[in-house]
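*Asks:* These protein sequence lines are chains D and S, in that order.
Number 669 in numbering that gives the first Met the number 0 belongs to position 670 of the first sequence; there are no gaps in the numbering.
Number 385 in numbering that gives the first Met the number 0 belongs to position 386 of the second sequence; there are no gaps in the numbering.
Keep in mind that the hints were calculated from the coordinates and are not lab data.
Quick caveat: nothing in here was measured; it's all calculated off a predicted structure.
Honestly, I wouldn't trust all of these hints.
Chain copies aren't distinguished; within one or between two, either way the pair holds.
Unchecked claim - No farther apart than 25 angstroms at their CA atoms in a straight line, the calculated lysine-lysine pairs in the DSS-like style are these:
| hint | residue 1 | residue 2 |
| --- | --- | --- |
| 1 | 320 | 128 |
| 2 | 327 | 128 |
| 3 | 640 | 348 |
| 4 | 136 | 241 |
| 5 | 128 | 325 |
| 6 | 611 | 651 |
| 7 | 641 | 50 |
There are 2 protein chains.
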Amino acid sequence: MNFSVDAEGRPTYELFYKGKTVIGQSHLGYQLKEENPDKATDFEYKTFAEKELIKQKADLQTGFSVVGTQSSTFDETWSPVWGEESAIRNHYNELEVTLQQQKNDRQMILRFRLFNDGLGFRYEFPSQKNLVYFIIKEEKTQFKMAGDHIAFWVAGDYDTQEYEWQQTRLSEIRGRMKDAICENSSQTPAGSTCVQTSLQMKTDDGLYINLHEAACINYATMHLNYDEATQTFTSWLTPDAKGDKGNMQTDCVSPWRTVIVGESGKDILASRITLNLNEPCKLEDTSWIKPVKYVGVWWDMITNRSHWSYTNDLYSVQLGKTDYSKCKSSGRHAANTENVKAYIDFAAKHGFDAVLVEGWNEGWEDWFGHQKDYVFDFVTPYPDFDVKAIHEYAASKGVKMIMHHETSSSVINYERHLDEAYQFMVDNGYPAVKSGYVGDIVPYGEHHYSQFMNNHYLRCVTKAADYHLMVNAHEATRPTGICRTYPNWIGNESARGTEFESFGGNPVNHTTILPFTRLIGGPMDYTPGIFQMDLSKFSPENTSKVRSTIARQLALYVTMYSPLQMAADLIENYEPFMDAFKFIEDVPVDWQKSVYLEAEPGDYITIARKDKHSEDWYVGSSVDENGHVSTLKLDFLTPGKKYKATIYADGKDASWDKNPQSYTITTKAVNSKTVLKLKSASGGGFAISIKAVD
Amino acid sequence: MNFSVDAEGRPTYELFYKGKTVIGQSHLGYQLKEENPDKATDFEYKTFAEKELIKQKADLQTGFSVVGTQSSTFDETWSPVWGEESAIRNHYNELEVTLQQQKNDRQMILRFRLFNDGLGFRYEFPSQKNLVYFIIKEEKTQFKMAGDHIAFWVAGDYDTQEYEWQQTRLSEIRGRMKDAICENSSQTPAGSTCVQTSLQMKTDDGLYINLHEAACINYATMHLNYDEATQTFTSWLTPDAKGDKGNMQTDCVSPWRTVIVGESGKDILASRITLNLNEPCKLEDTSWIKPVKYVGVWWDMITNRSHWSYTNDLYSVQLGKTDYSKCKSSGRHAANTENVKAYIDFAAKHGFDAVLVEGWNEGWEDWFGHQKDYVFDFVTPYPDFDVKAIHEYAASKGVKMIMHHETSSSVINYERHLDEAYQFMVDNGYPAVKSGYVGDIVPYGEHHYSQFMNNHYLRCVTKAADYHLMVNAHEATRPTGICRTYPNWIGNESARGTEFESFGGNPVNHTTILPFTRLIGGPMDYTPGIFQMDLSKFSPENTSKVRSTIARQLALYVTMYSPLQMAADLIENYEPFMDAFKFIEDVPVDWQKSVYLEAEPGDYITIARKDKHSEDWYVGSSVDENGHVSTLKLDFLTPGKKYKATIYADGKDASWDKNPQSYTITTKAVNSKTVLKLKSASGGGFAISIKAVD
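For reference, chain D alone in the conformation it holds in the complex (with noise of 0.2 angstroms):
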């Protein structure tokens, strides 16, 4: 990395991998809002003096020069509470520089991490007397690109993630805007080039760039908007309901801008530069953090054959005045404690940690689309929800509960009973909670990525820490690593889910990119597991197939790595397929070592991991529609050691959309010597499972 200022005192960075340039010089700065009062009339009474004055505290992108470098570097290996390896090295060399602006008498130190996978940099504010409070007006870190490269991205937008991927070039991405939007229940498009991180490269020359964000605190959410002219992207910061793009007081950071570099995709997916760029973890005490297997009510509504709400006999709901008891159940109800217990013995019977269970409280009869401030309380079930009962059954299995808490976006209302619904989940035994943001934000005009929500989510799991509770947060800011800091942050949804499939359908290979787009920055909750991919066989106005074979669905396992993973199909879709659903009963959550086989974005992943409390090892692979060979080398086997491998691989006549029940269970003697030839389907997969034999 070279570092620069111009000759208008521009800060200036470049970054190169082995010769090749990865970054042109790029400049980097702020625009500031203009101090000027709102007051149109005070502007006009505003010398024209004045009104230079003004526009040059702005500008916090010109005028700088250097007045200090010091550099260093750091190693040292850290052990993660949980993650896709037991310890975790950070290594880079460090170069701090402090930069003058001499006309507006103030201080900016920028500071760069190299590591040998990319760089991090971020932008440090000191307490000083010329910058107290500044309103951000834009981020300008730009980052040129050296060529028209091939992106995997997602359009950017201010409310949703879950738009479906693109892949075109960089050049292309203006024309293809259009159709990268389809309609969602929170949305607000960022701007016609504008996409979102991590955003994933392939350069013609054979590099594979990943830019993102690493400890996104008390700041908005940056998407990167394309100038096509210049090959460049510069940062595009989430805005507030001003339209102003943060709040700053110093001394204050903003988060690391990372761009990891490789030569193929599995160094990129082998990157642990986001975790390394937080802080450590805060908790003394994580002893109770723990990863978890669940099943659960949830796919039942999201197919349209049950539904969150319990009647239908109400226009609406007051609560604390609407008497449910008065009211009939619509038979359609599946949060009801009969069925729930009925998923804390398939969770006993088969080694699940929990279950969770959606729809269990008052308030969903009319829950979307009103911009209702008390819409839900968190605390009261619907009448035939028994919450004891529950909690006793559940503990009398060794089972634990997953608490639901949808804000449907009334956040002012969720921290109004924040405490008091923690306070129920520690109460009634429920260690995790997901958490969801469907609709447009209340308070209005806040978006789900603002700075206002981004210190929302966070201030969610420090409080929940205080109580010993995990979260998955879904609809929220796509993750930046802090949960290394707040390892009792255990997922986010955040892109599109598997959700997707009942309502339309992923695309064929949306899996073999979200690990580049999307798990960069922290796990996802992507709740896979599906077996039964006709929907409407079980709840027949649904028309929507999941395109999937039943091998990729238990390869998602390994290949989406989360410590929080889902069975998320109903029980009696997985009981006649109990031989397939052991490598769900068996595959750990949590790994001691990872190793990325092969993975090209669109087209192929492949990843081998080792259990964290075991030897055993567990390989998944997940294809695009043209199917994939793959040729594995067991060589991260330990020499000398047996194994029993177990391989769930697509029959020979399988593919999503014609046959994909279709499998395989095969068993096999093998070491580290052996080499498996694995064949997958269209929009298929394997998943292994390598027992040590001893």
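Start from chain D and add chain S according to the hints.
*Replies:* Okay, now just chain S, sitting in the frame of chain D:
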């Protein structure tokens, strides 16, 4: 009152008083927000018929027919916990009209209550299939005036009530509006012919008409927009951040719109319609609610002699991180333990209940103008404010403390801390809190008088009741009588108060208007009792003069009814005038009976009130720049009883601008046959204590 439905099916009412038209034919109804989704593409594809249907559904103004009416009479006398009298008669004829809107298959109920001195009416929306959730685009309640009346008005604004009163004909509102708006720390003028309520008018044929609202709960505050062509006011609600005017869920009701009518100003002030239209007290135990006479550390900072902030050493504050023990006091921090103890001593010596202290807590160095979220925590004192010592000292003297919660309009932050802040009050001897909302509201786009904020203010009051705490909310919405339902709501400022005497001065006749335009809905914490009118005498840079004589300041304790009364000046400014101060010591803050002796808005007000707990009476008079001669018949005294009157009057040569501190104190034996003739100076008045001699 006549009600009818016109040819277009518009609900119409008119109001007469002894044959004179008060309100001409005026329509009632709502314009709803069109249910159309925001996405333009959807609307393009809708057929013409569908578009027409959407428009039709948004119409809640036409196409009504009367399907039922019910008449009844109500006559009850109730006792307020505190008030201008100890018994209030609530006597009205009620007309309930059920209207059916055929085209939309909806029902709306109008409820009218006709009193001897006015009318109240509201809209009611029963729970029904075709009206569950609706968004108000504008309420369309008309008040057609019968002439170009003289009006006493304040410019309509969504964020401030602190403009000066204007006295013009209705037709002159538009022309005067520009001058009616001056700078304020948070302001959003509502419209070029928009005024606030309560609106006081005088007709050329001798009627006094007052328009206001009662029980504004879960609803936006109403302004009145004037149309010169039709001489009609139409309701104009306060918008939310999206520009909508109300989120409604049936079953629901609007606030009561009130028209008070009289033949003199006295009739207006004597009306109890606003309280009578509110729900009876909802608190079972009200024994802990007590009127309060207080002194405090406040005027010192308002006059800029001292500062709220502790130190000049900081650029800004980060609560929890900033270490105040490392900072030195500016030397101008009045909220220090020693000074507070002096006020406690003064309070104890002169029979005051409590001491208010502002600037006691961390955060004042950068509290204003930064839209700071975490601006105060409401529980952490400055290094020189010893909470425990002050608590014990006050308790030892039989004095309570009044808490100060300046929220800086960071409302979500305040709600986050509210329980802890209230518990802190309970633990440390603070039975009442003065809250403030200075600056633009956060969440952005909300306004001080929006539905969201009205819900917030009420939430603070109901939660305070749980803790047995009383609330006095400054910068909050002007009250609408809800203090009947929650009598721990003991005050608001919500108009231009005494502090503006230090910010340039109030109009000399300001307090002769306020009872008509501000006190109709509830008491005002006007904080009178200023004895040193020349502020430069103790705060050299402050060139403001308080536009009042001392005698008028004494009178305000009677004419500006409030259960919460402050002797606002510095102790040292009272010390030269302890004979005059005696009136403030003596005057009660709770009354058995009130008699309005003379009242001409803008000119003079003279009121007599009987102490709730004795046979004593107190009289106060406040007059405008012309001075006034009052002829008072003391026939409100008990016949046959003997009294001793102490008359605090303007000196012969007194005037607000040249000789404000000139007063005389005379004693006199009086009885129910006595007639007193008293001359008030320009900007002066008089105060009389009439103590029973027994």
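*Asks:* Take the hints in turn and mark each one as holding or not.
*Replies:* Here's how the hints hold up against the structure:
1. Within a single copy, residue 320 and residue 128 get their C-alpha atoms only as close as 54 angstroms, which misses the 25 angstroms cut-off; across copies the closest is 18 angstroms, which meets it.
2. For the identical chains of this complex, residue 327 and residue 128 are inter-copy neighbours only, at 18 angstroms across copies versus 66 angstroms inside a copy, given an alpha-carbon limit of 25 angstroms.
3. Taking the shortest alpha-carbon separations for residue 640 and residue 348, neither the intra-copy value of 31 angstroms nor the inter-copy value of 91 angstroms comes in at or below 25 angstroms.
4. Both within a single protomer and between protomers do residue 136 and residue 241 lie at most 25 angstroms apart by alpha-carbon distance, with minima of 11 angstroms and 22 angstroms respectively.
5. Taking the shortest alpha-carbon separations for residue 128 and residue 325, only the inter-copy value of 18 angstroms comes in at or below 25 angstroms, while the best intra-copy value is 64 angstroms.
6. In this assembly of identical chains, the alpha carbons of residue 611 and residue 651 never lie at most 25 angstroms apart, being 33 angstroms within a copy and 95 angstroms across copies at closest.
7. In the homo-oligomer, the alpha carbons of residue 641 and residue 50 never lie at most 25 angstroms apart, since the shortest distance is 77 angstroms inside one protomer and 73 angstroms across protomers.
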